[in-house]
Structure formats: structure tokens, C-alpha cells
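Position chains B and C relative to chain A; hints supplied.
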Amino acid sequence: MSTGHAYDGADVEKPNPVLRVDGLRKSFGGLVATDDVTLEVERGSITGMIGPNGAGKSTLFNLISGFYEPDAGTVSVRESGPDDDRAGDGDDPEAGWHDVTGMKPHRVARNGLVRTFQTPRRLEGMTVREAMMVGQTDQIGESILPLFTDRSAVTANETETLERAHDLLERFEIDHLASAPATELSGGQLKLVEMARALMVDPEIILLDEPVAGVNPTLARKLSRFIRELNADGQTFLIIEHDMSFIMDLADPIIVLDQGRVLLESDPETVRTDERVIEAYLGGNA
Amino acid sequence: MSDDSSGFRQDPVGALRAWWTDAERADRLVYTAIAAVVVLLTVGVAIGSIGIRYVAGLLVLVAMYSLLTTGLNVQWGYAGLINFSVIAFWGIGAYTAMLVSSANSPLELGWHPAAAIPLAIVAGTVVAVFIGIPTLRLREDYLAIASLGLAEVVRLILLNERQWTAGSQGISGIPVPLSWLPFGTRTAVLLIGAVLLLAVYLFVRRIHRSPWGRVQRTVRADEDLAEALGKDSYRLKMQAFVIGSVVMTLSGVLYVFYAQFLGPADLLPLETFYVWVALILGGTGSDKGALLGGAVIVLIREGTRFLSGTAAFDLLQTGLEVVGILTHINTASLRLFAVGVLIVLVIRYRPEGLLPPREELIWPDAKRRAEVSGDRSAHGDAPGAVAEPVPETGSDDEGEEK
Amino acid sequence: MVAQLIVNGIVYSSIIVLASIGLSLVYSIGNFANFAHGDTMAVGAFVALASAPLVQAIVPGVTIAGFPLWFFGALLVGMAAAAVVAVVTEYVVYRPLDSSAIGLLITSIGVALAYRALLLMQFGPGQQSYPVSRGGRIPWVESALGVSVTARDVVIVFSSIVLVASLHAMLQYTTLGRKMRAMADNAELARVSGIRTGEVIIAMWVIGAALAGAGGVFLGLDTIIRPRMGFELLLLIFAAVILGGIGSVYGAMLGGFAIGMAHELTPAIPFIGTEYNAAVAFLVMIAILLVRPNGILGGDAT
Numbered sequence: 000m001s002t003g004h005a006y007d008g009a010d011v012e013k014p015n016p017v018l019r020v021d022g023l024r025k026s027f028g029g030l031v032a033t034d035d036v037t038l039e040v041e042r043g044s045i046t047g048m049i050g051p052n053g054a055g056k057s058t059l060f061n062l063i064s065g066f067y068e069p070d071a072g073t074v075s076v077r078e079s080g081p082d083d084d085r086a087g088d089g090d091d092p093e094a095g096w097h098d099v100t101g102m103k104p105h106r107v108a109r110n111g112l113v114r115t116f117q118t119p120r121r122l123e124g125m126t127v128r129e130a131m132m133v134g135q136t137d138q139i140g141e142s143i144l145p146l147f148t149d150r151s152a153v154t155a156n157e158t159e160t161l162e163r164a165h166d167l168l169e170r171f172e173i174d175h176l177a178s179a180p181a182t183e184l185s186g187g188q189l190k191l192v193e194m195a196r197a198l199m200v201d202p203e204i205i206l207l208d209e210p211v212a213g214v215n216p217t218l219a220r221k222l223s224r225f226i227r228e229l230n231a232d233g234q235t236f237l238i239i240e241h242d243m244s245f246i247m248d249l250a251d252p253i254i255v256l257d258q259g260r261v262l263l264e265s266d267p268e269t270v271r272t273d274e275r276v277i278e279a280y281l282g283g284n285a
Numbered sequence: 000m001s002d003d004s005s006g007f008r009q010d011p012v013g014a015l016r017a018w019w020t021d022a023e024r025a026d027r028l029v030y031t032a033i034a035a036v037v038v039l040l041t042v043g044v045a046i047g048s049i050g051i052r053y054v055a056g057l058l059v060l061v062a063m064y065s066l067l068t069t070g071l072n073v074q075w076g077y078a079g080l081i082n083f084s085v086i087a088f089w090g091i092g093a094y095t096a097m098l099v100s101s102a103n104s105p106l107e108l109g110w111h112p113a114a115a116i117p118l119a120i121v122a123g124t125v126v127a128v129f130i131g132i133p134t135l136r137l138r139e140d141y142l143a144i145a146s147l148g149l150a151e152v153v154r155l156i157l158l159n160e161r162q163w164t165a166g167s168q169g170i171s172g173i174p175v176p177l178s179w180l181p182f183g184t185r186t187a188v189l190l191i192g193a194v195l196l197l198a199v200y201l202f203v204r205r206i207h208r209s210p211w212g213r214v215q216r217t218v219r220a221d222e223d224l225a226e227a228l229g230k231d232s233y234r235l236k237m238q239a240f241v242i243g244s245v246v247m248t249l250s251g252v253l254y255v256f257y258a259q260f261l262g263p264a265d266l267l268p269l270e271t272f273y274v275w276v277a278l279i280l281g282g283t284g285s286d287k288g289a290l291l292g293g294a295v296i297v298l299i300r301e302g303t304r305f306l307s308g309t310a311a312f313d314l315l316q317t318g319l320e321v322v323g324i325l326t327h328i329n330t331a332s333l334r335l336f337a338v339g340v341l342i343v344l345v346i347r348y349r350p351e352g353l354l355p356p357r358e359e360l361i362w363p364d365a366k367r368r369a370e371v372s373g374d375r376s377a378h379g380d381a382p383g384a385v386a387e388p389v390p391e392t393g394s395d396d397e398g399e400e401k
Numbered sequence: 000m001v002a003q004l005i006v007n008g009i010v011y012s013s014i015i016v017l018a019s020i021g022l023s024l025v026y027s028i029g030n031f032a033n034f035a036h037g038d039t040m041a042v043g044a045f046v047a048l049a050s051a052p053l054v055q056a057i058v059p060g061v062t063i064a065g066f067p068l069w070f071f072g073a074l075l076v077g078m079a080a081a082a083v084v085a086v087v088t089e090y091v092v093y094r095p096l097d098s099s100a101i102g103l104l105i106t107s108i109g110v111a112l113a114y115r116a117l118l119l120m121q122f123g124p125g126q127q128s129y130p131v132s133r134g135g136r137i138p139w140v141e142s143a144l145g146v147s148v149t150a151r152d153v154v155i156v157f158s159s160i161v162l163v164a165s166l167h168a169m170l171q172y173t174t175l176g177r178k179m180r181a182m183a184d185n186a187e188l189a190r191v192s193g194i195r196t197g198e199v200i201i202a203m204w205v206i207g208a209a210l211a212g213a214g215g216v217f218l219g220l221d222t223i224i225r226p227r228m229g230f231e232l233l234l235l236i237f238a239a240v241i242l243g244g245i246g247s248v249y250g251a252m253l254g255g256f257a258i259g260m261a262h263e264l265t266p267a268i269p270f271i272g273t274e275y276n277a278a279v280a281f282l283v284m285i286a287i288l289l290v291r292p293n294g295i296l297g298g299d300a301t
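Protein chains in written order, with numbering that gives the first Met the number 0: chain A, 0 to 285; chain B, 0 to 401; chain C, 0 to 301.
The shape of chain A in the complex, shown without the other chains (with noise of 0.2 Å):
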């Protein structure tokens, strides 16, 4: 869904945003990160994100993430409604948002934004699928109590959630990978453990940071592929990369960050041709 529109600090109505900033900013010391950003990501989209280096990405997303709290401005995620289209169908166009700003990051999570990051974690002592079983939401087992006066709730819960897992698993084709240490996974086995765990969240949104920094053709394109797929069921994407074919070939619309400053947010050959990008890369700061 192309806005087709420059952004000028204007909104620019998108018709069922999942994610709303408004007005972002956050300095450190003296050096301003974020500078008065707006955006808005449509539900459905893959939506990318990119600008050269110091432009203030990763700023960004530990904003919206709760990572960071900002000096000034909004976040806000809507959650899906009935049909998981659009909540509050009709009645009231602004039904279903949850202002997010300055929340921890676990609340943040719990509202529906999950986020990845750039160096993948390895998790200490862990198989894959207990890894991928932390994802889990609302378990009833990670509360004491039930686990003494509710235990037939937690055994069913707990199945359901390592079927799940075993079925993400396999989904990704990892699931041979299931038992192993999660220590001794490859790179690039991590970063598909990374995605398929976020589904476990069932996000309304999931923040990709960098999915295929340091990760072979082959992989990029595997990963390329399961987002796609995963769109089309309806997930939507917000991407960070640098690696400009993995991102163009992928995302629509993608906004241009320089300086901490929202440049540009466009549909990728508009984006790719436009001088103030262009000169953003090459000018100062790259």
C-alpha cells in the first residue's frame, strides 16, 4: 500500500495504521537522536526503514520498543479487532489504540510490538524449544500458584505451547534443530530461531532490526521468502536493514531516516532515485 506522498512533517492518512509515533524526540547529552519524528505503519505492510549510518534507526526502534524513553512525543499501537482487520469497525475510527509511550519494554511487548535484535542472542543453557517456548504469551505456568493448585491447566497449556512451538519450528525448517542447545546454533540458524520466536508472541507488529546484517545470500533469501509468507497471513512487518537489494526487493512503502529527521517515505524505486537520499548516503555522515 504506497502513500506515493513525500512526507513534509504532513500526515498522511494510511487507512489502518497498526503503529503510530507522533512527534518522537530524544536527545543524549547534547546530541539530539530523534529528531520530532511521525510516521505511521500500515497493518498488512512490510514496512521498511533505512538511512545511513548515525541517522538515528536504532534510536527509533529502542523508542518504540520501550528500550528508550523519549523526551517528548507519542507511540502508539492498535490492537486487531473481531476479524483482525480493523478494530472498532466504523464506529469510532480511533477505538483499539493503546498509547505506549514510556512503557517498559515488557508492557511494550504485551500491547503487541515485538522487536528482534541486530546480535542475536544466544540463549545460555537453553534447547531450541525451550527458547522458542518463552515466546509464549499469558502462560499460566509462569505464575507460581498454578503450578500447585492448577496443574491440569498448566499441563494443557504447556502442551499447547510446545506443539506450537514444534509447528513454528517446522514451519521454519529448523525443527530437526528442536532439542539442540540453543548455544550451538549457527548465525543464521539464530536469526530464524529469532523470527519464528517472535510469532510465538502473536505481535500485532513485529520490528525486524537488521535481519540479514552478516548473514550469506542463501539465508537472505530464505528469510526474505518466510516474511513474505508471513505477510500474506497478515503479519506485518517493520524492517531496519542496510543491505539495500534484501530491502527494497522487499518492503513497501520504506522510510528514509537521516539525522535523526524522517527524509522521505515512499515505495522503493521512488525512494531509490530521489536526490535528498541519495545525498543523504553520500554526503557528511555516511
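Hints listed in this document are in silico derivations from the structure and should not be mistaken for laboratory results.
Each hint should be verified, as a subset may be incorrect.
As the list claims (entries may be wrong) - Below, in silico cross-link-like pairs of lysine to any residue (SDA-like), each with a Cα-Cα straight-line distance of 20 Å or less: (1) A/LYS103 <-> B/ARG138; (2) A/LYS103 <-> B/ILE132; (3) C/LYS178 <-> C/ALA202; (4) A/LYS103 <-> B/ARG136; (5) A/LYS103 <-> B/ASP221; (6) A/LYS103 <-> C/LEU289; (7) A/LYS103 <-> B/ALA220; (8) A/LYS103 <-> B/ASP231; (9) B/LYS287 <-> B/ALA35; (10) C/LYS178 <-> C/PHE157; (11) C/LYS178 <-> C/SER165; (12) A/LYS103 <-> B/PRO133.
What follows is chains B and C alone, placed relative to chain A:
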């Protein structure tokens, strides 16, 4: 290792056999060594060369230390919390018991000693929450210092607020529950210790092999990741901290039943580090390892005491005196040295400990019930044993190679 | 009365500052919390004590402002001994270890216990003092400012100032100092830009331990010498470093000053007895951490 409590009930021999075959070779060595020690002790008692009262006393100490290591295991092993206030919580349990039940207590309450247990739990919970609130959000090494400092504060209060705690004078004498049993007070203490240890062990095993245990391990491995998945790491850490602290207070209660005397001098910061060595040596994150660690610490204590009583040691002392170095060597300093060196050696050569954790933290009933691909997956293979050969690092064809 | 407490605070702070610098160096360059630091102080104190007879025989019996010269000789011996012990420990224990910061922390506890055990075995558990007269107060100070200041106090404060100034000069104006600061900021970058990190680490241990040793000698001079002395101070030293901000040596100095003052000013607080000195200093640290989790001068930990 498959862990089948209901399987054990139905077919104990079969279950034991399965457990042995599933065990790692290194673990089997440890188990054999333990069995050998038990046999030696039994024989020694039977033929009279080791006093049974002495062994009974040792067993109580083992129970006490095992409770401490188990408590620390919940904090450090499960959740990754560096807690250097172990002895403070032990002290809280011990003082709670003494203060409410001892005839010589400054509070003069004279309650039944069985009340000590629930009260110690309450006291432990309150102090743990109190300490946890400012410290659990700090980074791990700050937590270490903060806990060390707070332990010191506890000790100072116990030492100086004489009107409540009898100060450096200490309190002596506490009635022991179950002492009306025909076997005598000492046996009663041993029985209480065994029951406490068993109850705690079963409790921690249940909460460990569960979604709760699993999410704790995730918080330990990578707190940011856990948060990004929607887990409230602060709340989880607080739970682990409180549970661990409460278990430690129970250890203190057991101690006063056994020792019948308590003073602030018993709250040596050194004891905290003994428990740390015990846990690391036994196996961080392992419930069985924690128990083993407790036993090993008692072994070291008794071992050093035994050693310093031998003729060989006298010879060593004389020799050192002649040369003029280390002339003040004795049990205490020897023990201190042994523990110090042990810590360095264990971290260097076997940081995972003698009985490292092997099991997946998945609710056992669910593991049995789930219909998942492959025989081994259903049994829950240990992280130490890889299900299939994992493709070479750098390779990307995970889907194609099997 | 408060003036006297302030004087005491300055003396005590000097000791804490010397110890904090070493700890801070290990934190920022070695990247772990060295729990053996307190016992390193004790090593310095005891070796200085043991060397006293020998030094007294060699150094002329001159006094500086009523304070014997040989003492400074013993001080240097103590500092050197602490440095040697630290370097040996680095080679034998820490360097071969391929462990996380937490693993090193726990290992350093083992090292601390080993140091203390050896001191106990060699010197016994009792209290000892330096054979220096517990000189009287300096009269003109007493009449001028109304506070009691002894020769010992002057020696401690003055020597500390000299040592800290030397350290500052070294850090700012020498190549080694620059390398140390570079490594403290970013070890990876330092290594990549060609700095011989191994050398810097040895320098870190030598300087840090020597200063700790000096702190130990002064602590023994100010109070008493016994094997537990270092561990008892460990808490305050850590509080000082954390308060000042991990990774900042200058922060450690500030923190050391703050903690030392808080410790000695406790009698000025009503209702709290001097037995709670350490507790007060420590609680000050906790309070500040709640407001500024990275300490006063701390940025993100390096």
C-alpha cells in the same frame, strides 16, 4: 535425564534403571563417588570407629547448608541474581526463632518453636522485599555490593539493638519441636532437618521445571530479550529473590534447634561465600547440585578440621616454625585458604560444577503428553546431548541438510 | 565538634580515595569487580609492618615534622609488595581464565580469601600497630582552629595528595596514562589501534595495587592492622566507586571523598550511634543510586 515422578511410582526399578542409562558419564562418576562416601560412613558407624552422634550432627549441618545453597540457587542459579547477603537471611531466620521461642529471649514471648517456621517465612519475605525494591533494578555487580552492605546493616542492627536482640551476649536455649518423640532431641532435630530439606527440594523442583523456571532462565540469560517478549523481569526477579531468601531463613531456624545458641558473631560474611562455593561446586542452576554442594561444604569443614588434628599437620607446623614462615597456620586459616583456592580452581576448571543442570525446563506432564515429531523430542533430550548433528557454522542450508 | 568530625573525615577520605582509585582502574580497564581489593590493602599494611625492622636499620633516624623517615620507606615496601602480589595473581589466576565478568568477580573472591588466609597464617589474627608513637596533637593547629590534628593525620593526608596528584599527572601527561584512558573508554578500539593491552593491564594492577597498599598502610596507621581490615573496608570502597560512577577514576575520587566524609560525620546525626558509621555511608550510596543509577560522574559502563 527423564524425570518421571509418576513413572517412578509405577515402576521404581525400571525408572531407576532408565535414570542411570540416561545420565551423563560425568554425572555417573559423581553419583558413584557419593554412594562410596555413604557406604564408607555407614560401615564406619557400624563398626564403631565413627560416632553415630557425630554423623547425625554432620547430617544436620548438611541439611542446613543444603537449604542455604538451594535458596541461593533459586536466586543465582535460576534468576542470575548475585546475592551476597545469604548469611543475613540465615540470621533473620535464626533470630526469629530464638527471639520468639527461647526462654532467654529479650522479648520474653515463649511461643511454641513450631511457630518459628511460619514467622521466619514472614520475616524473610518482608526483609527480602525491602532489600529487593531498591536493588533489583540495579545491574548485577551493584546488586552484589548492595546485598553485601545490607547484610552488614542487618548484622549491625542485631549486634547493637541489645534491647531486642541481646546483642553480643547472644541468646541460648530453644525448645525443639518433636522432642517428645522417644528418640530424643537430637533425632528430632535431624528429623526436622530432613523434612524441611525434602519439602523445599520438592517445592523448588516443581517450580523449576515449569514455565516459571524457564522464563527465569531466560531473564538470567538475557534480560532485554525477556522484556522484549513481554516478561516483567523485575517482578520475576523479585519472586526468585523472595523465595530464595525464605528458604535461607528456614536454614537459620534449623540451625538454632541444633546449636542451641546464637549470637551476632555467627553472622560471618565468610559464611555467605562458603555457600557460594558450595553452589558453584555443586552445580549452578541444578537442584541436585545444590544439595551436593551443601554436603561438599560440610566435607571441607570437617576435612580441614580433621587434617589439622593429624600428626602430619603437626609436622608441617613444626617445619614452618623452623623456617619462620606461616607460623600461625591453624584450622580456621587453613579452611579459609582451602575455600579460596577451591573457588579459583572450580571457576577455572569446572565452572559448571559437579552436577550441572541437564534438564529442559518444560513441565513434565506436558512433555509426556505433547505430540511432537521424533521420539527423542518427546522424551526431552538433555541440552548436553544434541538431537541431530547441527550443520556447520556459516552454512546456510539448514533446510536442506539434515 | 563538627569541625573535628570534618577533619577526621578528610583523613579517612584520603584512605578511601586511594583504595577507590585502584578499584576503579580495575573496573574500567579490567572490566570486572575486584573483590580482592580490600585484602590487597591488608597485604600492603602487613608487609610494611613486617619490613619495619629492616627499614629502620637502613634508613637514617631522621624525622620529618616529628614523624620518622623510615616509615615512608616501609610505606614504599608495602606498596611494592601489594603491586607484586597483584601482578603475580594476574598471571597465575586471571590471565589464564576465559571467563565472564561475573566469573572474574567470583574468582576474585577466592583470591581475597586466599590473601587473607595467608596473612592470617603468617601474622596471626590479632591486632598490631606500627612502631610509631601515637604522637600528640599539633599545638598551633589546636589553638588556631580548635581541632585536634596529629602528625599521623598530616602524613596521611599529605601523602595521599602527593600520590593522587602523581596519578593525575601520569594519566593526563604520559603515554601510559593516555593508553590507560583509552583502554578504559573502549578496550576493543584500543586493541585495534595498536595499544599493547597486556602492558596496560599490568600497569593497571601495579598502580591500582600500589595505591591500595598505600591506603592499607594509612588505614593501619590511622586505626589498627589486622587481617580482616581490608574486607571490612571493601564495602565502603565499592560504595565510593559506584557512587562516583563506574569507569571514572575521578568519579571514584569524588565518591571516595563523599563516602569517607559520610562515614566520619555519622556522629553528627542524632539518634544514630557510631556503630552504624558504615551503614550510613552505605545507605547514602543506595540513596544516590536510586536517583542516578550510573553514579555521579558515571556514563554508560565501559
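Verification of the hints:
Restraint check for A/LYS103 and B/ARG138: the C-alpha separation of about 16 Å stays at or below 20 Å, so the hint holds. With a C-alpha separation of about 17 Å, the suggested pair A/LYS103 and B/ILE132 falls inside the 20 Å cut-off, and the hint holds. Distance restraint check for C/LYS178 and C/ALA202: the Cα-Cα separation of roughly 10 Å lies within the 20 Å cut-off, and the hinted pair is therefore satisfied. At roughly 12 Å between alpha-carbon atoms, A/LYS103 and B/ARG136 fall within 20 Å of each other, so this suggested pair holds.
Restraint check for A/LYS103 and B/ASP221: the C-alpha separation of about 16 Å stays at or below 20 Å, so the hint holds. With a CA separation close to 17 Å, the supplied pair A/LYS103 and C/LEU289 stays within the 20 Å bound. Straight-line distance between C-alpha atoms of A/LYS103 and B/ALA220 comes to about 19 Å, which keeps the hinted pair within the 20 Å bound. This hinted pair checks out: A/LYS103 and B/ASP231 have alpha carbons roughly 9 Å apart, not beyond 20 Å.
As the CA atoms of B/LYS287 and B/ALA35 are separated by approximately 17 Å, the hinted pair is consistent with the 20 Å bound. Taking the CA atoms of C/LYS178 and C/PHE157, the gap is near 28 Å; set against the 20 Å cutoff, the hint is violated. Only pairs whose Cα atoms come within 20 Å are accepted, and C/LYS178 paired with C/SER165 is accepted, the gap being roughly 16 Å. With a C-alpha separation of about 17 Å, the suggested pair A/LYS103 and B/PRO133 falls inside the 20 Å cut-off, and the hint holds.
This entry does not satisfy hint 10, going by the numbered hints stated previously; all others are met.
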